[in-house]
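**Student:** Sequences and hints are given; from them, build the entire structure.
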Amino acid sequence: MHLSLILPVFNEKENLATLYARIQKTLGGMPGLAWEAVFVDDGSQDGSPAVLEELAAQDPEHARAILLRRNYGQTAAIAAGIDHSQGEVIVLMDADLQNDPADIPIMLEQIEQGMDVVSGWRQDRQDIFLTRVLPSRMANWLISKVTGVHLHDYGCTLKAYRREVLTGFRLYGEMHRFIPAYAHSVGARICEVPVRHHAREHGRTKYGLNRTVKVLLDLFTVKFLIGYANKPIYLFGGAGIVLIVLSGLTLAFLLVRRLGWHISVLQSPLFQMSAMVFILGVQSILMGLIAELLARTYHESQQKPTYTVRKLVGISGRPPGKTV
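Residue numbers (this note's numbering): 7 to 330.
Some hints here could point you the wrong way.
[Claimed, not checked] Cross-link-like lysine-lysine pairs, in silico, DSBU-like; alpha carbons within 30 Å at most: (1) Lys237 to Lys220; (2) Lys31 to Lys19; (3) Lys31 to Lys151; (4) Lys151 to Lys19; (5) Lys317 to Lys237.
[As the list claims (entries may be wrong)] Using C-beta positions, here's what the derived DEER-type ranges look like: (6) Lys237 to Leu265: 40 to 48 Å; (7) Pro66 to Thr24: 19 to 27 Å; (8) Val248 to Thr24: 51 to 59 Å.
Simulated from the structure, these hints should not be mistaken for laboratory data.
All C-beta atoms in this analysis are idealised placements derived from N, C-alpha and C, irrespective of residue type, glycine included.
**Tutor:** Laid out in structure tokens, this is it:
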């Protein structure tokens, strides 16, 4: 197994040497494991880049450093690490010493047993309850309900992935926490394991309540991409049909009232409202048709498949989509 450990870094100078020593102790003690630790500095201002360069110079066999030009955010740093790594198994971990490298072997055991995604679960979380733990629990519940992938701890960075389940999509915003949902959409087998969580020893947390709002907004995008990216007409067309039906029911009510009680249809504000709702319904259906054309252009122009293959048995050298 070839493992790539991806660690986004932002102002963690005091933690890096201790963290890498723990990584070496854990991964270096696993016989037969080829590994690399890819540190991605996300525009640190505290001297972290110099420390990372020193670590890479001291252990060129295992340590790698990617220095971004400015602070792009954790998701972009993770994407950069994945793009520049070589491992067939990807493990993501924070660089603040709150995640424990000693949990990695447990996650790799699950990968070896056939799992595609292994998610860490901080059962005994060492964070402030009101500002960190409670919002996280609420977000985890909502994400699980919306995506259909039930995990206790979406916010735990410590996760292990087979590389193949990370291909086919790009990460933006705060979407790194939704990777399990993306992976599930292509049939990945997912499990969750309890992991250690330590209180922060040095530095300051980079997370706040404002991140919860960003996560909720990204959740709308994730739900659309997972559920409707290939068939957007189901969303836009469905909404359009509902609006047209509501408009029709309102007009029927106005007509019955006009015939039964001789109340003018045109003088009622419901008539204008029903006309507007009908127009919105038609526009929604047209938007769905345009989105369908865009989806087909996306897949056909880039030759992106509409399916994913887990394994080929007795098939080799045959172009995808071709028959003999």
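**Student:** Against each hint, give a clear statement of whether it holds in the structure.
**Tutor:** Comparing the hints with the structure gives:
no. : hint                         : verdict
1   : Lys237 to Lys220             : holds, 26 Å
2   : Lys31 to Lys19               : holds, 20 Å
3   : Lys31 to Lys151              : violated, 39 Å
4   : Lys151 to Lys19              : violated, 38 Å
5   : Lys317 to Lys237             : holds, 26 Å
6   : Lys237 to Leu265: 40 to 48 Å : holds, 41 Å
7   : Pro66 to Thr24: 19 to 27 Å   : holds, 20 Å
8   : Val248 to Thr24: 51 to 59 Å  : holds, 57 Å
Violation of the numbered hints given earlier is confined to hints 3, 4; the remaining hints are satisfied by the structure.
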